[in-house]
Amino acid sequence: MIGIFGGTFDPIHHAHLRTALEVAEYFGISDMRLIPGNVPPHRPQPLATPAQRLTMLQAAIASEPRLQADSRELRRDGYSYSFDTLQTFRTEVGRERPLLFTLGFDAFLHFQRWHRWNEILTLTHLVVVQRPAYSLPPNGWYEPYLSTNPDDLRTTPAGRIYLLPVTALDISATQVRGLLKQGKTPRYLLPDSVLDYIQRHQLYCE
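The numbering of the sequence shown is full-length UniProt numbering, which starts it at 1 and goes up by one.
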């Protein structure tokens, strides 16, 4: 079983890391891939370079063996479509190994706008990170795929959607960058190793 969690990680912060770790612990995943995107299709281009974002990610997870940095999207030209990334995973691991793709609740609400969205569940399960007091509208396209049994995802390769409540940390990369631009410290919103790298390279200051 492989967990997959993508993002721009511009920069990586504690909300990203806690989400990835809680998903890994809940499903018993020993290989949770954090994948920085190269050219995100639904948001502005990141401010830090691909190499800088990858280095910050590697620094952030250096002491947690279950979390692994995966640079495949950074090595690929063009938009970083999740469908393309999942296809590469499926080619690598074969048809039978479960893939668990993690995404946020807001992203899931717009899932039908994603590139080849209706084919993604043929490649992976979806773990939707749920916020407290948030619920999905009834009678949605997703209802036939919803599962409340985590073993459904552990024992089949793809095709299920699981809603997982996680610790709500109200931290965003926009917030971190804004503090840095104002000359304030974002300490304790992200790992010290990441903040040290940002300060050493004077990122997000302008």
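Rather than coming from a laboratory, the hints here were simulated on the basis of the structure. Where is the CB? At the ideal position from N, CA and C, for every residue including glycine. One should not assume that every hint holds.
[As the list claims (entries may be wrong)] Simulated restraints on C-beta separations: (1) D152 to C205: 43 to 49 angstroms; (2) Q199 to G94: 14 to 20 angstroms; (3) C205 to R18: 25 to 31 angstroms; (4) Y26 to G183: 21 to 27 angstroms; (5) G94 to L136: 28 to 34 angstroms; (6) E143 to S71: 34 to 40 angstroms; (7) G28 to L136: 44 to 50 angstroms; (8) Y145 to S71: 28 to 34 angstroms; (9) P65 to R97: 17 to 23 angstroms; (10) E206 to R113: 19 to 25 angstroms.
Going down the list of hints, with the structure as the test:
{"no.": "1", "hint": "D152 to C205: 43 to 49 angstroms", "verdict": "holds, 47 angstroms"}
{"no.": "2", "hint": "Q199 to G94: 14 to 20 angstroms", "verdict": "violated, 44 angstroms"}
{"no.": "3", "hint": "C205 to R18: 25 to 31 angstroms", "verdict": "holds, 26 angstroms"}
{"no.": "4", "hint": "Y26 to G183: 21 to 27 angstroms", "verdict": "violated, 39 angstroms"}
{"no.": "5", "hint": "G94 to L136: 28 to 34 angstroms", "verdict": "holds, 31 angstroms"}
{"no.": "6", "hint": "E143 to S71: 34 to 40 angstroms", "verdict": "holds, 36 angstroms"}
{"no.": "7", "hint": "G28 to L136: 44 to 50 angstroms", "verdict": "violated, 25 angstroms"}
{"no.": "8", "hint": "Y145 to S71: 28 to 34 angstroms", "verdict": "holds, 30 angstroms"}
{"no.": "9", "hint": "P65 to R97: 17 to 23 angstroms", "verdict": "holds, 19 angstroms"}
{"no.": "10", "hint": "E206 to R113: 19 to 25 angstroms", "verdict": "violated, 32 angstroms"}
Hint compliance for this structure: hints 2, 4, 7, 10 are broken, all remaining hints hold.
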